[in-house]
Structures are given as structure tokens and as C-alpha cells.
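A.B. asks: With the hints as extra help, turn the sequences into a complete structure.
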Amino acid sequence: MTVHDVKHAASDSARLEAVGGRLSRVDGPAKITGAARYAVEQQLEGLAHAVLVDSTIAAGKVVSIETQAAKAARGVIAVLTPDTIMKLSVASDWFGNPLAPQRTFCPLARDVTYCGQHIAVVIAETFEQAVSAAALVMADYDQAPALVELGDGTAGEIISIEGMTKEWGNAQAALAEAPVHLSAVYNTQRSAHAAIEPHGLIARWEGDRLTIWEPSQWLDGMARTYAEWFGIPFENVRLVSPYIGGGFGSKALALAHSAVAAAAAKMLGRPVKLMLTRSQNFTSYGGRATTRQTIDLGADKAGRIQSIIHRGVSEVSLEGMWVEAVGSITSIMYDTPNFSSRQDVVRLNTVLPNPKRAPGENPSAFGIECAIDELAHELGLDPLEIRLINYAEQDPHAKKAWSTRQLREAFAVGAEAFGWAKRSPAPRSMRAGHQLIGWGVAAGAYPVQRAHGEAVVKIMFDGSVEVESSSIDMGQGTYTILAQTAAETLGVPVSQVSVKLGDSHFARAGVTGGSRLAGIMTGAVHKAASQALDELIGLALSDPRLPFHGLQANTLAVKDGRIGSPRGDGPELSIAELMAAVGRDRIEAKGDTLPAGTTAEERYKNYTTIAMSIPHTEGDYSRHSWCAHFVEVKVDEDFGTVRVSRVVSALDSGRLYNPKLAESQWKGGIIMGIGEALLEEGIVDRRHGRIVNSNFADYMLPTNADIPDIQTISVGIPDPHSSALGGKGVGELGIVGVAPAIANAVFHATGKRVRDLPITLEKLRDGAEARERGCE
Amino acid sequence: MTSHIQTIIDPPEDGHFRNGVATDGLIPSPTTLSLNLAINGRDHALDVEPRVTLLDALRERLHLTGTKKGCDQGQCGACTVHVDGERVLACLTLAAQVEGRSITTIEGLADEDGTLNAVQAAFLEQDAFQCGYCTPGQIMSAVACIREGHAGSDEEIREYMAGNLCRCGAYPNIVAAVRQAAQELRS
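Those sequence lines, one after another, are chains A and B.
If you number the first sequence the way the working numbering does, the last residue is 1801 and the count never jumps.
If you number the second sequence the way the working numbering does, the last residue is 180 and the count never jumps.
In short, the hints are calculated from the structure, not lab data.
The structure displayed is predicted, hence computed values, not measured ones.
Heads up, some of the hints might be wrong.
[To be verified] Not the full set, but computed from the structure, chain B residues with beta-carbon under 7 Å of chain A: (1) C64; (2) A71; (3) Q113; (4) L117; (5) Q123.
[To be verified] From the derived model, a few chain A residues whose C-beta atoms are all more than 10 Å from chain B: (6) T1106; (7) A1125; (8) E1344; (9) N1579; (10) D1610; (11) Y1629; (12) G1776.
The C-beta atom is built at its ideal place from N, Cα and C for all residues, glycine as well.
C.D. replies: Shown next as C-alpha cells:
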């Protein structure tokens, strides 16, 4: 349970607290004082510590595991291997589809399909004892050949993802006829989520009831997985995750190491804590998959696109499926009469890749937003102008109106703030001493993902308000915006509202991903709070002992925690006085956004799978967030080092529930985009399939010294088709388009087009392009 | 990555312990040390193995979980604490190294009455964090950065705060918070 009390000056009050106000984080005081207790920081009696042993080969069989030395080490309680750990049932996938129910799931691998796969676990009295004993476990393997890199995407088992094919018109014929052609290959690298809080968990069994303390973006979905693994009722699993130290898509699923810890706890009859090391955070779950995409553009001489042919491929593991859909926004950025996009995946000896911030949309934007820039250069057009020439007035694929699309406004406002009009068009024409200066622009989009949510709102006897939901706050500001929503709906100050999140025994919630949570949960809280308010006012009107008795319902309102006439005349009572007068200790309302008549089974499915997500093109509209990034880079002429020196981004996320927090998320996305454009790359050792830079010294995350001032400007308007209160997605959007804006700026600075991320200095050497792997 | 965070390499002055081996009668057993650590103005007695880091002593033994473990290898800065007023990475410091030193963690930064340190208040006001996991380390680093005289310009703040990684990308807001706190502390 987590309670946040907010105290701020009276002068802050109403304007800041309303939905749309710039209220500081209500969970902020706990986070800046060290009081915020994250999931794995629970202190439990009798806690044992587990450390994993991982495969050092990428493919083959574990022949034997020597555990004697480890078992004899001081403090060791058990060493578990594929032979000795308990077998679990196979859990269904995130759509709820059962996977091989006849088989069992062994959380430690005997058959190795990637380097870093967990093959044993050591459990000891202390963390230090477990670490040192784990180093004594020796494995013998029967090694098999492995394919560990995507290369140009043509080797290995290739699977066509037919469901992602998008085609209209006759793309091949139109391309052949178009007077202007462009063909290019764009590559994006494997990149890591690299949340600063490592993955890990504490598992405790009490009979057949399991409590898991684990950072989670999806309590109900992960609770379902644990329940299915161990064959216990869903209600018997309690997942607790009051704060999450960064997720970015990586913390939505229960993973093999989660199963190991829960199984060990059950076998030993003791609570077990298991934290992945930093290095294991690079190998125990996948980051963004490597992608390759080819774009063929045909245009007329005025720059109007006639045809786009897009072919994409991404890497995936030998088992499981994740598609990094590089065609996801290729089809909606520009108006084109002819279009074709297809996607393949290639199976490799790697851990299953995962969704990472704007999965699909981010590499998709790198392709189309570089290609349009190349076309502009080819035709001598300004990169902004060509985007306006090809502006899509409706969704070219779905053939539906945009719900809202403030992209034209984003281009105009961003260009004005950036000073785009002063750009000298020719590459290498702007410099400051030995620094070549480049200005680039790119756009981005992210679909509005929707589902349903529920929330409980309680008005307590003392006038305080409690909001409960099993949704989570990993830094997006859920605690804060739900407090604002409840306070505004009920007419009470935020200081009277406590928001409790991160416990699967609270009102249910679906996955926090795809920028859907804020729109869903503000809607659910608004509904629950409205019901609670109706009941409160009903009590006030119906009790003959109260001065409001006999008034009409619409003659009463609550403001600043006091109930009375909205005009301010007549009698007035505080909520606490009213509750005392009618003898109630609480009013409790559960609100959900599900359609009437939804069955219990459908509810369970809605919260524990993603099968009931609502398509963004449902009904009459196509719904997306939009953005335009304007970037200045400085490239050292001698060394080819690229520094981002200025960013101005104009973004359309619809109505912002709290602009202060939304701007922070946008900036965070932009910074992650700078990392993927210039710094980050998971490098695979081709001999062993190991990630050679699986640490924060060698895997280059952006540091404070890499990041300039970033200006974000909201150009959104409320979008009634996207959410109850008019917001669209925020968190995923900011990263989309950053890498192409930087690549376009680097081209403007240097005259060199790098189509292979990250853009590192060796790729900017003379003649370097031809030598880059996978590039034409 | 540039790191401006020190690790302690000099042994304790009384020298009763070297490389995990007891060298005099003060140690009850060769594998357990009885330490007395002065943390946030209070003495804490604990028996630990010599190999226990300050970070694990704080988090696992003393239940002071405000200091965070991000990488456990001195690369992220989330475990930054102050030892005798200087910033130190608790994951690269053995608990035994800091006996007799004055240790300050995030839990000890605000006044006894709860009044926030100027840096803490500025972090809240400037929204200099999202998930909050790197935040204690950022704040401890920022307090020392200002004290070191390395907060004179935004450029200098970026450089001297570069040893603390933030994956949520709060860097511009962190710079604003450090700038604000530095100005308040100067005036």
C-alpha cells in the first residue's frame, strides 16, 4: 500500500491541481527522500538470496552441471539445475492463447538456444554467499552451430508476417512509371531498455498463496502467468509493485528468472530474492530487435509521392515471437496513391526481443523519415516543404478521417521556435570553426491504443478520498494525474486525495504500455469518482436531518471539500460533517469503462491479456499522436564526432492531463532517441553469441553531458475520439522521429548519408558508407 | 561516460583489517567483522563478512534502501553516498572501509524536522526525475557537485553530473534543479 500526502502552498491550489494543471509529482517527496520503497526492497524474515548461472554457449545441450563445490560452500542452501528444479505448467501468451498445454515448462534450460540462458541457480543465506558459490558451478555442453546476427536478413529461418502486409493501388507499376526514384536500405541496431532498476523479484509462498514483489508494468497479466505456471487460482497470486525504477516496455511480463525464483521459494519453503546482475539485464530479456528495411520511393518532379514499396525484416529468437514492425507508420506519414509494405522475421540464437519504447514506430520512422529527406535533397526541395506537399489529409491506409492531427501545426510552431527559415539548404554550408553544423527535421507518430480499466474511489468519513487501482507508476505520473482527476471530479483539494497503486488485489488494470494507461485510468477514475459524488449528493438531499433535504439534485455541488449551492448561497457542510450527520464511514464506488453487459470472463481477459485492445482505427476515425523534431548537430570535421546541440520538438498528444509531467516524458523519449541515433548498440560476439558490452561502461547510454537543452511545445487539442478526457499518448511518442531528425541533420552538416544506426564516427569517414554491413 | 565520483582506496587508519583477513584480535572470526558505522549521525553496529559492500550493508542489513543498486559495478551512480562529505560509490566501497568515517545517505539529507535540502526541493520543483530510481544518487551527487564548486554554469553541471545515469532522461531538468539549488545556496 502506498499513500502520498501532498502539501503545497495555498497559492498553488486550484490552477495547479485541476486536470491539465502543472502539479508537481505527488509521489515526489517519497522519491527525493529515499522513503519510496521499491518492490524488491521489502524486508522479509528468513529471506534467502538466489543468483543465476547462465549458459556460455549460444546453442546446444547442457550435458552435465557440476554442483558439488557450490553446494559445499558456506551458506549455500540449494543448487538447482534443470534436473532438480520443479517443473511448471506452460503459461498462455499475452493474448491469452494457451501454448502447448500438454508440455511442462522447466525454468532452467537443458536445451540452450541463446547465450546467457539460465541453466542453474544457487540459493544461499546471504547475497555474497550466493554470488561466490555461483562462480563454482561448472557446466559441460554439447555445442551446436548458432546463428547470432541478423546480417543482411537473408540467412536463417525467415518467416513472413502476412498479417502485417499493407497494400493499395499498384505500387510496382507506379514506381516504374514515376520520373523520380529513390531506393535505400535503413538499418537499426539491437538496443537495450537499460532501466536503472534491475529486473528481479521476491517470491513468498504461504500454502498455495503466492506473493510476488516485482517491478511490473502489468500486475494482472503477470499474476495470471504465475497462476498458470503453478496451477493455482488467479486470486491466489498477489503481485506488489508500488514503484517501478524504469521499464520502457521491459517489465510487462513474468520471465524465466521470475519462474526460477518462485519455484525455488516453493521448493525451499522460504521467501527468495533474486536480482539480475546488470550484465544479466542485457541477456535475460531482449531489447529492441535489430531491423533492416528497404524503401523504394517514386515521385513526380514536383515532389509528390506516387509509390512507396517497403520491405522490412527484424530478428527474433528461436522460441517465441516478437515482430519489430518496421512498416507500422510507413503507411500513414504521407499521402501516396500506391503502397506496398511487407515484414519478415528471422530466427536467431538470441533471447526473445521485447517491446521497447515505440516498438515498430521508432525504426519505422527512421526509414520513411530519412527517405523523404533524401527525396527532398534529390529534388532541391526544403525538407519541411516536401512534407507539406505530401501531407496526408486522412489515413491513407484505413481511408478514415484523423481524429485529430496537429502535425501541420507542429511543423509550423516547431520551425518558428527553431528558426528553420534561416537554414542554408546546401549540405556543408553551415559551420562554426572546425564544427560543421547541420539542421534536420523529422516527424513521428504513435497510435492511440485503448482498452478498458476500472478504479475504486472511496470518500472517507473525514472527507479524505482514496483511489485504488492495480495500475502502476513507473515515472509517467499515474499517482499525480489520478489524484488530479479524483480531486477535480469530487471538488476536493488534491491534499485530501491518496492514490494507491501497484497491488494486484486492487481494482484491476491492463498493461501499462503503448501509452494507453493515462487515457484509460483517468476515464475510469473520473467515472468512479462521479458515481461516488452522485451518492454523496444523494445522501445530502435525502436525509431529512440535513438542510439540503428536498432540494433538486442539480442545486448541490462540492467545492474545496464543502457541499452546498454552486452559487455560494445557502447552507454548506464539509464532507466530513455530512458523513457524520448521515452516520456513514465511507462511500465506495467502483467505476469501469467496460460496456454494459460485459461478462466476468471478458473482464478477466481484458485485464490479464491484450486480446481486448481496441484498434486505433475502430469506428470512423484513425487515432494517433503526432510530433515534429527539429535538431541541430555539430560534427567535428576532423574526427567525425557528432554532438546534438539543440532540439526543438512540437508534439500533439491531445489534451495533457499534467503538462509538467508530459513534457518530462517527451524529453525522456527524445533523449532515448539521441542514444539510439548516436551511442547505443548491443554488440554481439560472432563466435559465441555473447553481448560483449553488457554493462554501462561499454554500452553507451546518454549521460547528462551528452544532452543539450531540449524545448518541447504542445500543439495538441482535446481529442474526444481518443479518450474520455481528450488525451492521446505521451510516453511512446517522443522518441519517434528523433533518430531520422539527427541522421538528416548529420547529412546536412556533412553531406554524408548514414543509414545505419548508431551514427558513429567511423561511419562518417570518406567512403565509409560502402563498407557498412547491410548498406547498399 | 565520464565519472567524477571517487572511490575510497585508502585503508582505515587503524588498519585492523587487510584484504579480508583479520590482522589483530579485534575481529571475532576470520569471516565476520563487527563494524560500527556512523550513518546520518547515528551509530549502527553490524556483523558482516569482509566482502560486504557498503551498498549491500545499507540495503540488506540496515534497511536503508534509499541508496539504490543500479549496476553494482561503479558505472551508473545510483548508489552515490557521502563519506566525510565527498561523493562515493557505495557499490565499490566495502563496508569495512568506512568505519570511523561519517556517512550520509539520502535518508539523512533533509533536516530532522523534515525540511528538505535545497537540492531535494529543487528536484521536486523542476521535475528532475520520473521513475525516481537514480534520484537519490543524483541528489547526493548534486549536493556534492555544488559544494565542490562545480555548478558554476550549465555546461559545468552537465559535466560534473555525468557520472549519474538517468534512463528516464531527466537530464535537462536535473541541470535546472542543480542550477536553482546552487543559486539558492549562494544567496
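A.B. asks: None of the hints should be skipped; say for each whether it holds.
C.D. replies: Structure-based check of each hint:
Taken as an interface hint, C64 of chain B checks out: its beta carbon lies about 4 Å from the nearest beta carbon of chain A, inside 7 Å. For A71 of chain B, the interface hint holds, the least distance from its beta-carbon to any beta-carbon of chain A being 6 Å, beneath 7 Å. For the restraint placing Q113 of chain B at the interface with chain A, the shortest Cβ-Cβ distance is roughly 4 Å, inside the 7 Å limit, so the hint holds. For L117 of chain B, the interface hint holds, since its Cβ comes within 7 Å of a Cβ in chain A; the closest pair sits about 5 Å apart.
The beta carbon of Q123 of chain B comes within 3 Å of a beta carbon in chain A, closer than 7 Å, and the hint placing it at the interface holds. For T1106 of chain A, the requirement that its beta carbon stay farther than 10 Å from each beta carbon of chain B is met, with the minimum near 25 Å. The claim that A1125 of chain A lies off the interface holds: its Cβ sits roughly 35 Å from the closest Cβ of chain B, which is beyond the 10 Å cut-off. With 10 Å as the threshold on Cβ separation, the claim that E1344 of chain A sits away from chain B holds: the shortest Cβ distance comes to roughly 28 Å.
Listed as a non-interface residue, N1579 of chain A keeps its Cβ farther than 10 Å from every Cβ of chain B; the least gap is roughly 39 Å. With a closest Cβ-Cβ approach of about 30 Å to chain B, D1610 of chain A is found to remain outside the 10 Å limit, as its non-interface label requires. Look at Y1629 of chain A: its CB is around 29 Å from the nearest CB on chain B, clear of 10 Å, so calling it non-interface holds up. Non-interface status of G1776 of chain A relative to chain B is upheld: no Cβ of that chain comes within 10 Å, the nearest being about 29 Å off.
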